[in-house]
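Student: Sequence:
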Amino acid sequence: MDRVILLGLNNKFSLKTNLWGHLILGALFLIQGVYHIESDIVFPFGLMIGVILIPGGIVYSIYGLLSFNKSSKYAPRFSISEDELSFKKNLFKPAQRITWGHIKKIEMAPYLLIVSTEQSETVMHYSSNPEISLEIKSAIREIADSKGIEVLGG
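With this note's numbering, the residue at position 56 of the sequence shown is 63, and numbering never jumps.
Hints are computed from structural coordinates only; laboratory data are not their basis. Some hints here could point you the wrong way.
Now the in silico label distances, taken between C-beta atoms and shown as ranges [claimed, not checked]:
#1 SER46 <-> LEU141: 44 to 52 Å
#2 SER153 <-> ILE31: 37 to 45 Å
#3 PRO51 <-> GLY161: 55 to 63 Å
#4 ILE65 <-> GLY108: 40 to 48 Å
#5 LEU98 <-> THR129: 14 to 22 Å
In silico SDA-like cross-links for lysine to any residue, where the CA-CA straight-line distance does not exceed 20 Å [to be verified]:
#6 LYS144 <-> ALA102
#7 LYS77 <-> VAL11
#8 LYS23 <-> ILE12
From the three backbone atoms N, C-alpha and C, an ideal C-beta is built for every residue, glycine too.
I would like the entire structure built from these sequences, with the hints used as guidance.
Tutor: Here is the structure:
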């Protein structure tokens with residue numbers, strides 16, 4: 008049973024609302040950029056503003072698609088399976104993967120997990136909203152308890 012929990016943004020909106028918000032704002036940037044380029048209201052400033060808004064709209068929309076979509080391999084998330092715990096903090100860094108068999112202890116604090124293995128300690132600091140943080144901690148606690156791993160805090 009693989010469980011993927013997206014981190015989202017540190018706001019009170021759901022992942023779906025964040026996705027649609029980014030897509031709509033990106034589309035508005037695109038429309039505004041085309042409008043500024045096509046209208047000769049304040050040439051050459053309209054052209055410069057349009058040239059800034061169009062790429063901004065594209066990037067904003069792509070960011071929304073990559074960050075708030077469960078099927079995206081780039082989305083910041085916790086992936087919890089029977090074999091390993093995986094944490095991806097942002098779009099550009101690879102996920103940290105730790106096999107459950109190597110984990111000796113997990114310490115939980117607000118928006119922080121410290122995973123101790125035989126050789127090292129991995130600090131997983133994340134930014135999310137309280138509901139998602141509780142979901143992450145309960146899912147990790149459930150698997151850790153079934154594997155006999157000590158869990159502190161939470």
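Student: So, for every hint listed, does it hold in this structure?
Tutor: Cross-check of the supplied hints:
1. SER46 <-> LEU141: 44 to 52 Å: holds (49 Å)
2. SER153 <-> ILE31: 37 to 45 Å: Given a distance of about 42 Å, which is inside 37 to 45 Å, the answer is holds.
3. PRO51 <-> GLY161: 55 to 63 Å: holds (58 Å)
4. ILE65 <-> GLY108: 40 to 48 Å: Check passed, 44 Å falls within 40 to 48 Å.
5. LEU98 <-> THR129: 14 to 22 Å: About 20 Å separates the Cβ atoms of LEU98 and THR129, which means 14 to 22 Å holds.
6. LYS144 <-> ALA102: holds (18 Å)
7. LYS77 <-> VAL11: holds (7 Å)
8. LYS23 <-> ILE12: It holds: about 13 Å lies between the C-alpha atoms, which stays within 20 Å.
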